[in-house]
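Asker: One letter stands for each residue in the lines below.
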Amino acid sequence: MFLRILKKDLKRKKSMNIILLIFVILSAMFASSSSYNMLAVYGGIDYFFEKAEMSDYVILTLNQNGEDPAEEIIRNSDAVKECNKEDIIFYSAGDITQNGEKYVSFENPGVIVSAKGMKLKCFDRDNEVITDVPKGHVYVGGIMSTLEEVHIGDTIDLKIEDKTVTVTIDGYLKDALLGSPFIGNTRMIMNDSDYSELLGAQNIENHCGGIYYIRTDDMEGLQNDVAGVYNSLFSADAATVKLTFMLDMLTAALLMIVSICLILIAFTMLSFTIKFTLTEDFREIGVMKAVGLKNRSIRGMYMVKYLCISVVGALIGYFASIPFGNLLMAGVSDRLLLGDEGSAGVGIISACAVVLVVFLFCYHCTRRIKKLSPIDAVRSGETGERYKAKSVLNLSKSRFGSNLFLGLNDVLSKPRQYLSMIITFTICLLLVMMLATAANTLMSEKLVYLFGTTKSDAYYNSTEKIMEAMGNSDETILDKSITEMEDTLAKNGMPADVHVELNYQIPVKFGDKQMQVLMQQCTETKTTDYVYDEGLAPVYINEVAFTPKILEELGAKIGDKVKMTVAGVESEYTISASFVSLNQLGRIGRLHQDVKTRCGDAASAFAFQIDFKDNPDEKEVAARIERMREIFNTDKIYNAAEFVDKCTNSSATIIMAKNMVLMIALLIAILITVLMERSFISKEASEIALMKAIGFKTRSVSAQHTVRFVVVIVISTLLAMALNWPFTKIVCDQIFGIMGAGSGIEYKIEGLELFALYPAILAVVVSLAAWLTSLYAKTIKADQIGNIE
Amino acid sequence: MSRLIEVNDLCKTYVVNKKQNNVLRNVNFSIEEGEMVAVMGPSGSGKSTLLYTVSGMDKMTAGEVTFNGRKLSSLRDNEMADVRLDEMGFIFQQMYMMKNLSILDNIILPAVKSKKEGGSRKEIRDRGLALMHKLGIEETAGNDINEVSGGQLQRACICRSMINKPRVIFADEPTGALNRSASDEVMNEIVGLNNEGTTVMLVTHDVKVAAKCTRVLYIVDGNIKGEKNLGKCENTSQVRERERDLNNWLMEMGW
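Going down the list, the protein sequences come from chains A and B.
Number 789 marks the last residue of the first sequence (this note's numbering); no jumps.
Number 1255 marks the last residue of the second sequence (this note's numbering); no jumps.
Only chain B is shown next, with the shape it has when bound in the complex (with noise of 0.2 Å):
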């Protein structure tokens, strides 16, 4: 496994009327390629904000991120956005669609603007609804995005984000609309996805859905307090021993 991400002594500060409000303190950790890190801690300790600044949408103040060999702060905006158009996914907590395209063409969206995978618009096309298909969604392809359900919705995102084969994907809470059945739904998409070999670094609350993770770091006031390596969930008898194992590990950790 090579090393993907490398985030040393990232540091973020916001300034709101005229106050300095340290978000990120000097946080250091790495991500190897297959990974799948579940950031967690509670409410306003960074999380969100960890994620943006290490995925390149937010400007560290301090410190660096190295992703696959290149400092992202030596980065241009336009070079910026060519690394998300091609080597990131993303998935939100909102399900952000843009709102007068179907849902086929929202997921496609990406590959056109990218020259990564290159095809034809068909090839494309045929891309995305394999896509779809895999996550169980093709028959919502022409739909408008209010005429599907949320977990639907999220799935597409989940298509949208992997259109163009990054090699990670960040996940804001991208389960925190969604009931737990479609939830569960998603996650298993993502997992899928980690298990194929994709990176995924995500944001979340719930204790079962960072038990699926290889990692969890834990982070207060915009400190990674800890780290738990968990491994590779191999079948789903195991999913509740993880599940008590983070717990137990989280309650020590002050959650």
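So that you can see chain A by itself, here it is in the shape it has in the complex (with noise of 0.2 Å):
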């Protein structure tokens, strides 16, 4: 008799029970793929780690004056338990063609390693070990694998000095050292022979360096040994080299948020269908206890009838998941070597606790049943509910048209009916518009003064002129370029001072602790000229400003005295300030700009600096660029704010992340449109008969019914837009916190593409989904006003 009743309801009440499987479906699929994304991203980094073999420390240099100091101090450090040494040759992207065009525009040097002599597991994308790779062919990593014009099967010439090597790429690489565009170098795996010949070029010692991979039980002790490699470019030890990934753990965070919204998504609107369902089944659980049913079968039934909607969707939906959780992850993916250990276990766990949330849910909801008395039910109005909705406006006293004042008016009266969706496009909002902040910060010359730099009319990225300097003992090369940039923007009608930030590898002692800090310095500038978070900048040769970060390190405070040896002279400095900086994942100094260096030493440069000194305005300064651009020959001349842009090389990160949340929030409010609208409709057939009975056009009644989305749309931009700032302070102070600078960011909020563009675009498609929805509604007829319960 039940299974009867059973078959029946599904068939009758078609369209509700599919909404309801729909968002079962969704909610499993959501689940399933969310849950095994959080367990592949949460131990990802340490699984690619782990299988890539990486070492404790990490120490990458480049030759000075042809040889490697590093080598001897590693070897004398009893610190050290095993090391292995990886030769590396570098590149600059100027040293790529194609045909004889330039081919690919990156800033910093790229490494060039080969195949045999790899102390590194890299791994394709297929995720295999890449233990070789034949003559002529080369696999690309890092940020280069991220360039548009970059392609598998490109064939160019690599030119170090008078030697060429023509290869195809191969593939692209996941690099546990120097994947992360974060980290700015990238690597290229070549065949041995490729390598053996470029290491017959002219002057190639000063092109060579050496990648250090050291195991230690003893870090303390290691970063004081090896704090006197002064031709270190970068070193860092396994848990700092993990902070470079963290930009593709936050897009995977991000993408985990994104699912987790979607789960809490499904599940408020499981609950109001279930809901909506029973509300609409009143009459009928009225009549069955007319007839002497017992609660208990009454609700058996409906808890029968749930379990197996809740059992279908789940199984369909933990199928889906595989290819949707596949997609979430296909941009972290591609540089993170993720296992996939237990996924299936984990899908079907959740795709299980869907149909238990279902299930009680329904439990909960048909408690209902309890409270009411037949005679209740019956006479409770046409559905069973009581009229409880008030109007909250006057159509009499209202100027608005019939259209507007329904549908503002029906959502004003039965908010908690349009709650699900307020929250889901709020959510939704927040998430793109928290993302556009951090992506427009990124590219904002706000930013400037958090590389520890000064804000200049134009900065000339040029690696070459760098590199040539670096590692060089001829102390007059920089100022030789220095003085030729000048000199030609003088004779160009660009009066213009240039001058360029270095940066040295400097070993710092406090008490007991020593280590290895890259100190910035421009003899220039003065250090007042910087912006400090506390203390007072470095005004005497004896006194020095170090970020929170290396303080913390040191186990030092502003007062504190260290000691370090510059250019080979250890002199005592007080520590007069700290400073927030994105440079080197927040681990970074200044020195006072009198205090003498050696150019040769320096590890790392900034770009040259260009000040014109007649102060053109920003148009001028625009088309000074361009200028410059050709008269130097190349495209790395930029603006602060697009030399903030490349600083970070994250901007493009959180672009695509925003991208892919929008997307997936104007899905998501394309599928929750879709299925409110729908379940509206059927829940409204006697309004919408009655309104065509009295006269109402179809088009009348949808325009009613995109109201209501529109106005639910505002709701929500209204919300998002009082919550933007305290979410995107919370989200966003995380995320630049991670990548080295504090709280205290001057964030960039772009007001119209907040909240305009973006509202707009969620208020078109989900206006556009809501009217083709209700478009439905022409299949009730007047005539059924009498036939719809």
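Be a bit skeptical, because a hint or two may be false.
If you want the footprint, here are the derived chain A segments under chain B, 3+ residues with CB under 8 Å [as the list claims (entries may be wrong)]:
| no. | stretch |
| --- | --- |
| 1 | 403–414 |
| 2 | 695–702 |
List of simulated lysine-lysine pairs, DSS-like, C-alpha gap at most 25 Å [as the list claims (entries may be wrong)]:
| no. | chain 1 | residue 1 | chain 2 | residue 2 |
| --- | --- | --- | --- | --- |
| 3 | A | Lys-509 | A | Lys-557 |
| 4 | B | Lys-1019 | A | Lys-7 |
| 5 | A | Lys-14 | A | Lys-683 |
| 6 | B | Lys-1122 | A | Lys-397 |
| 7 | A | Lys-371 | A | Lys-294 |
| 8 | A | Lys-480 | A | Lys-613 |
| 9 | A | Lys-563 | A | Lys-513 |
| 10 | B | Lys-1165 | A | Lys-781 |
| 11 | A | Lys-781 | B | Lys-1115 |
| 12 | A | Lys-778 | B | Lys-1071 |
| 13 | B | Lys-1071 | B | Lys-1059 |
| 14 | A | Lys-778 | B | Lys-1018 |
Quick caveat, the hints were computed from the structure, so don't treat them as lab data.
From the three backbone atoms N, C-alpha and C, an ideal C-beta is built for every residue, glycine too.
Both chains are sitting in their own frames, so use the hints and assemble them into the complex.
Answerer: Encoded structure:
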């Protein structure tokens, strides 16, 4: 008997049951895919580092006068348990051409390693270890694999000094050390014979260096011992290297937040749908009670029905979660090696959890059956619901047209019915707004100070000129380059001062603690020109400033004295200030401009900063940047905002995440709109029939229903606008914190983009979806007014 | 008196489980302007279907309904909606109302939608209140629909059907859900409207209701089996005699 009633119910209330089924499928799909993603990403970097056999500490060096002094220091350290050196050749983007034309553009020098000489396991996109590369072929990774102009199968010429090798790009690699675009350097793996050919180039010793993979049980001792490696370009422990992948983790984490939001949304919708279908059934429940069925039997019938739907839905959802989960992780798994152990189990458990949640929801909702007396159910309105909705607006006093009025009044009279949609759309907008703000801030000149530099009119990034000076004993090379540049600019009617910030790896001692710190210095500016968080700018030659991270690692504070060996001379310096920086993941210091340094010792440098003497306006600066690009035959001359973008290398990732979140948000908004509107039509069939009976056209009904969704979007937008600042602050502070800058970031909020563009996109998409779905109201005829329960 | 509705060979067939059910079979009749016509007949005879098909709410299978010189079959959905909005009023057995509108707002909704009478929102409101005053439910204007009695609600439905001054009111058992006293009140209002010139076509089971009409059509198995011309009910003393007369006729028809 019950089975027959159930069968009839499933058939008769087809649309509502299908809507419920779709929501269960969505919930199961989101729950399964996001729990799998969470598991994969949670252990993702550790898994990757373990499989890559990443060491405890890494030092990247560039030869000094053709020699690498690091080797001896490391060999003499007692803290070193095991050390493997990978020989590398440095190259720059300008060294690569295709058919004689420039091929790519990236800022920092890349490194070439031979496949046989590799001491770190790198993986291809199929997660296979790269053990060999055929002659004439290469694998590229890091930032190069993200560039649009780079394609697998491209044949390129790589010229180091007088030697050129022609190679074809075989694929992209997953690199635990240099894989993140945040690190800037890119790795190229080539065949041994190609590598040997490059080693035969003139002056190759100035292009060579090494990557030391060190295993240790005494990290502090190792850091003390290697603090004197002055030719190191980069040195960090594994934990710091892991941080470079934080942006990938961030993308994954954002996607997980989206997934969790989606699960919450789906469950909210489920609750709504279950309550909704039960409301529809009140008359039947009343009749069943009137003929003597017990509460338990009625409730049991509904439980069985929802169990059937949830089991079918969860099953479909689980299988749909596999491609969906892969789609979500696509961007992240390009660079990270992610494990998939136990993913099936997690997916199944999640799908089962959905069944359980639906069942519990149903159990909770059907409690109302107990409270209903037969007479209540039969008498309280035509569908059993009580007319609790109170009109908030008065048509007689309103100036709105009937469609606008009915739509607006409906939302305002029954806000609970729209609450789940309002929450959904608000969350979607908040996520997109927050990511857009993060991306805009990362491309804003407001962040220039966070790179420990001053604002200039233009920034010329010339890896070649910097590399020429670095590791060279001729101290005048850099000055000559600057003078040449100033002369060229003056000749072309753009008189300017040019300066460059150099970074030195300096051993810093505080008490027993010794570590190597990258120190910035510019002899053409004053330390007082920079921004500090605490303390006073170094005014005297024996004063120094560090970031809070360095102070924390040293265990020092402002006012303490540290010993530093600069240009071979050890002196005592007083810490006078601390400052935040996005450089080196927040691990950096600043030397007074008068401290004697050796240009050749520089580990890296910023761009050449150009300040025009004649104070041109913004438009003229833009025009001059264009002219300079022609004069110097490079596209690496930027304004302050572009320079910040290039330095962070992360706006693209954030923009990608934002676009992905926007697409997912729109997709979810469409799904929810379609399902909700379809539910409304089912529920309000009698009202639609009544409207038609008194002369409303289908297009009026559609307009009225569409207005409701527009009202919901407007409310969501207002809520999102109100919550945007605290939400953005909380989440973005974390993002910038990971990148090295603490709180106090001045966010760039583009009002028009945030509060007009994204809400407008959402409004257009949702309205369109609502309008198209509302056309289903056409099937409801005026004469159905008496037939619809 | 001019002819307002002309029905020729009207057929309506429903297909249920691949079986044809001919609910209306070649129905022919006409209604003059100002008439008040009752349709009676046993359950399942096709009374409501006839009302909905003649009013254009339901599509006819064959035949033709001419309303005020216009063939309903030639009208598109939107044109038909305009006809219903401006020239027809509807009263149903159940008091269907928009749930989250007040009584007054429910009444004036068709007027706000229509361009026929025009007027500002205040004028429309005054028109609605005047109708409510006339039907004695003025005090319920601001109430929600769950705050009034069934009789008041049905009178509100009548007000709504009258707000655009339609040429005809179609009523499907307008007193079916009401008690006797409420039923009498509602019928008196409908008769009053008819006396003011509004044509009325109603479906009823109630002889007392039908006796107040000028003409009664008796339908059996989708066919008009007979019709009884009662003429205008001039005063209340005639009512009992008209009821008796109608009862006798219905007995003859097989009621």
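Asker: To test your reading of the hints: which numbers does this structure violate?
Answerer: Going through the list in order, the structure violates no hint and respects every one.
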